[in-house]
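Undergrad: Construct the complete structure from the given sequences, taking the supplied hints into account.
Residue strings, one per chain:
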Amino acid sequence: MFFDKYSTDGFFDEMFDETGAVRPHYRAILERLSTLTEDKYELKRQAVDLSFLRQGITFTVYGDDEGTEKIFPFDLMPRIIPQSEWEFLERGLTQRIQALNMFLKDVYSEQRIIKEGIIPASYILSGKHFRREFMNVDIPRDIYIHICGTDLIRDEKGNYLVLEDNARSPSGVSYLLENRQAMKRAFPTFFPKAGVRPVENYSEELLNTLQYVAPNGKEDPVCVLLTPGHFNSAYFEHCFLARQMGIEIVEGSDLVVRDFKVYMRTTQGLQQVDVIYRRIDDDFIDPSVFRPDSMLGVPGLVNALRAGNVNIANAIGTGIADDKLIYAFVPDMIRFYMSEEPILGQVETFFASEEKDFTYIMENLDQLVVKSANEAGGYGMLIGPKASKKEVEDFRAMIKADPRNFIAQPPIMLSRHPTWAKGDFEGRHVDLRPYILCGEKTSIVPGGLTRVALNKGSLVVNSSQGGGSKDTWVLYSDE
Amino acid sequence: MHSTHYRYASPVSDSINDAHLCPVSDDFQQCVSFQLDFSPQTVNVMRQLDFYTNQVHHFEVMESHQLLEVVARSEVETFTDQRDFTVSCPPEMLVGLGRNDRYYDYLAGSQRVALSPMIQHEAKEIIAGISDVRQQVERVMGYIFEHFEYAPGTTHVESDVLHVFQIQRGVCQDFAHVMIGLCRSVGIPTRYVSGYFYVTPKSQSTVDNTASHAWVECYLPNIGWVGYDPTHDRRTDASYIKVAMGRDYVDVRPLAGTYRGKSTVEMDVTVSVQQLS
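Chains as they are written, first to last, in numbering that gives the first Met the number 0: chain P, 0 to 478; chain L, 0 to 276.
By construction, these hints were calculated from the structure, which means they are not laboratory data. Ideal placement from N, C-alpha and C gives every residue a C-beta, glycine not left out. Among the hints, a few may not be true.
[Unchecked claim] Here's a subset of chain L near chain P, in silico, CB distances under 8 Å, partners left out:
#1 Met45
#2 His57
#3 Thr257
[Unchecked claim] List time: in silico SDA-like cross-link candidates among lysine to any residue, alpha-carbon distance up to 20 Å:
#4 Lys127/P x Leu114/L
#5 Lys127/P x Arg98/L
#6 Lys127/P x Gly108/L
#7 Lys399/P x Gly97/L
#8 Lys260/P x Gln40/L
#9 Lys399/P x Gln119/L
#10 Lys127/P x Asp49/L
#11 Lys260/P x Thr257/L
TA: Right, dumping it as structure tokens:
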């Protein structure tokens, strides 16, 4: 029998409470698993892995010599969220994305939040992703972040906390959709009875969002997905989403700008493009404005945006909203712009650029998690309690050299979830990335991508650093 | 008049550019008229204010061309600065300006002006013993004028401040960058100004005969932003015409852009300033 030796080891466990009793919303899956033998489970697992490989659902690890394409390890044991918990998350995430969009509108126009002393000007102006070139550009419907992938974690009491807002070009949603397909195939009779809310309409909602933000409310706008190309780690996802939405996938060289309008080269000549879902970073999107050495972008695209002849999702400059320094001010933004109290909590943050915090960070470096302010994907991060003396000292030097670029947070004991580990289930740390779409209304695909740190004891869930994923079920009810 | 000719060895197309050529209007000068002409004439232009409230003309030339000509004609009225420069400028009044959105960009390092311990050390030595910001700034300017040699051809438009510091030579753009680096590293907000310098036909300027010029503006407590020209070791006056300002040269390049095509390019710039009355 599975779970005989399972221990929560004092962590918050998604499936079992502190007394070791199974939580109500996991009862059904536990019953189903108890009818399986280890061999049968192993067979299902291998079948799923093989199908991922066959379909080419892979990602790229940068700086690894062993070929660039890997499959994203998938754990068959689903993460389950009861209805009432999900409704709470939806309210909290909706509030947060609204505040972030209001912040971006403000910071690229009036800058009231600076003038009224809520956020120091220096934090904004020193942000690597604050785009001076994009000041006072009118954005259709004032939506800057159309697609957001917010990372949530749970602390030792089970409270949900926002860890970071990925407001640039969040990836991973294709895994969410593919994981669901895999689960349906692995449990063809159980799944339909489990009362799980569907995720399949994500692509349709994404297309609705893109169409809604077309310049001047244009009807039936032409939307395209702009990819950096097949060397990008998320190229599989770009193809997947474009196909699901039924829109063209293009590279920079497929688009041209004429008269401050963007056109796509087609076999029938040039066709005007209204909305671009871009999966290229700001730095590379227009060599005439940003990095002149970029071969990936579209020269003149930013002028077309300024002229209001095209729109892009997400807007340019949204990176300032997920700068890890600015993150610390999101609760203040919610109060400032919406006169509401934040629904979701977040992690306490210390600034290396502030003298008082700097001293605290230096004295407690081996007890803190240190993050580079503008990196993503788990790169540029120190987990003090798990790091070697040398790593700690290396970070100390880096922080001293460039304090603005670092923040520190107390380590959060992420919640754990039963995860398959050679023959039985063991607790592994997980997080959750829901995908939020901001168009005519804010819609969040029920669930999200649950990432799991497959290495025992590890707190890093990023796919590039030994993480895997799980299907995430949001139930119609609480059981 | 500021005219720029690009001559390409072979045809290019899809040329997308930003022009910072329209003089500013502020308390000390008024841009009376401005006209921008292009050849080829099939050009799309869009005018906007940039982050530093300079006028920018974004333009694109999509057709194939081998010659691009951009001619800016402006008529500017300049006024004498009537402010009192004898008031004291205590350095304490600069404390904390780095948190203010109006000064932050002019105190932090920028693309061409990286602040380094070496430059800071130098700046501290230069102003040692001087406790008035205006006098500090004038000392820094004097230091550059005395120690740096005006030598066209020793640097190029891409040169950064460290390189200039090492060779102690350069042109007005480099001197402005050096002054920015020295002043910012001791906490004096300083910005880069590009523009024109009117030389009366009679005066024999020993250096820099071209009218296209660059200098800086420093923020002095109790006075405000004041123009200083380290190339000529003087405060700017009504013979200076300000076109654009920013953190450094990169923000105010008169013409900057990209084009499609593999070609070498020759550029000619002629600037002439005439006194109208």
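Undergrad: Hint check: Lys127/P vs Asp49/L, CA-CA at most 20 Å. Holds or violated?
TA: holds, 18 Å
Undergrad: Is Lys260/P within 20 Å of Thr257/L, Cα to Cα?
TA: Roughly 17 Å separates the two Cα atoms, so the pair holds.
Undergrad: Lys127/P and Gly108/L: Cα distance at most 20 Å?
TA: holds, 13 Å
Undergrad: Is it true that the CA of Lys399/P sits at most 20 Å from the CA of Gln119/L?
TA: holds, 17 Å
Undergrad: Are Lys127/P and Arg98/L close enough, with their CA atoms no more than 20 Å apart?
TA: holds, 17 Å
Undergrad: Is the hint on Met45/L kept, meaning its closest Cβ partner in chain P is under 8 Å away?
TA: holds, 6 Å
Undergrad: Restraint: Thr257/L near chain P, CB-CB cut 8 Å. Satisfied or not?
TA: holds, 4 Å
Undergrad: Between Lys260/P and Gln40/L, does the CA-CA distance stay at or below 20 Å?
TA: holds, 19 Å
Undergrad: Are the Cα atoms of Lys399/P and Gly97/L separated by 20 Å or less?
TA: holds, 19 Å
Undergrad: Please work out if Lys127/P and Leu114/L have their alpha carbons no farther apart than 20 Å.
TA: At roughly 17 Å apart (the allowed maximum being 20 Å), Leu114/L and Lys127/P satisfy the hint.
Undergrad: Can His57/L be said to touch chain P, with a Cβ gap under 8 Å?
TA: Holds, because the Cβ-Cβ distance from His57/L to chain P comes to roughly 5 Å (cut-off 8 Å).
In the structure shown, no violation is registered for any of the earlier numbered hints.
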